[in-house]
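Student: Chains as they are written, first to last, in the working numbering: chain A, 1 to 115; chain W, 1 to 115.
It should be emphasised that the hints constitute simulated quantities derived from the structure, not laboratory data.
Heads up, none of these hints are tricks.
Some residues of chain W that are not near chain A, with every Cβ distance over 12 Å (derived):
1. Val11
2. Gly16
3. His75
Calculated pairs, DSBU-like style, for lysine-lysine (alpha carbon to alpha carbon, straight line, at most 30 Å):
4. Lys112(W) to Lys44(A)
5. Lys52(A) to Lys49(W)
6. Lys42(W) to Lys9(A)
7. Lys71(A) to Lys49(W)
8. Lys102(W) to Lys44(A)
9. Lys67(A) to Lys9(A)
10. Lys41(A) to Lys67(A)
11. Lys112(W) to Lys9(A)
12. Lys40(A) to Lys42(W)
13. Lys44(A) to Lys49(W)
14. Lys22(A) to Lys40(A)
15. Lys49(W) to Lys112(W)
16. Lys44(A) to Lys69(W)
17. Lys102(W) to Lys22(A)
These numbers were taken from a predicted model, which means no experiment stands behind them.
Ideal Cβ placement from N, Cα and C applies to all residues, glycine included.
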Amino acid sequence: DTAVSQTPKYLVTQMGNDKSIKCEQNLGHDTMYWYKQDSKKFLKIMFSYNNKELIINETVPNRFSPKSPDKAHLNLHINSLELGDSAVYFCASSQDLAGGSYEQYFGPGTRLTVT
Amino acid sequence: AQSVTQLDSHVSVSEGTPVLLRCNYSSSYSPSLFWYVQHPNKGLQLLLKYTSAATLVKGINGFEAEFKKSETSFHLTKPSAHMSDAAEYFCVVSPSTSGTYKYIFGTGTRLKVLA
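The task is simple: from the sequences and hints, build the whole structure.
Tutor: Quick look at the structure:
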């Protein structure tokens with residue numbers, strides 16, 4: 001059973017389009033995250049939700065909007081895609097908020113290419 | 001503020017020789033520390049974690065790490081490298097105080113294993 005799953009795995013689209021990435025976890029965790037990994041492998045936190053409540057909202061363009069319909073799902077919608085949005089996006093979950101000893105479980109990633 | 005520094009961006013070893021990936025952290029409190037591995041085109045996988053129990057932590061695939069408070073280090077080691085160990089490795093700090101919800105990621109160390 002996949003613990004954290006993301007769809008799609010690959011996403012190729014043109015500038016200006018709107019796209020969504022979906023994430024689901026079956027671990028019963030309370031907290032979910034979106035990370036962006038650039039071409040140099042740097043991981044940057046974008047958003048975090050705890051029990052459907054937005055906890056972390058980093059300096060991310062307003063074109064990015066997360067939505068958590070329930071504890072097990074965290075989706076990422078991106079409007080008006082730009083070339084600089086090309087990256088690998090990872091979803092992750094943890095039992096509870098950081099500040100404890102909880103490890104994160106990562107999805108396989110979604111490679112977004114904007115042309 | 002918490003921070004984590006991975007001292008080497010690239011490490012090359014020969015198959016069968018020891019591996020040492022270095023990580024230093026800065027924290028005002030007793031942190032939880034993690035090592036993750038990312039194989040090419042995959043998500044991050046937890047190797048091991050330190051949570052203020054034993055200072056020598058054993059992980060998967062023969063990896064271990066030692067927490068040294070006096071040196072603020074959490075170096076990752078393996079006695080004998082295998083070709084399958086070639087990957088990107090991330091050292092991560094989870095702040096141990098409430099109210100800070102971000103995991104702090106190092107910039108990664110790419111391990112290359114030579115035949």
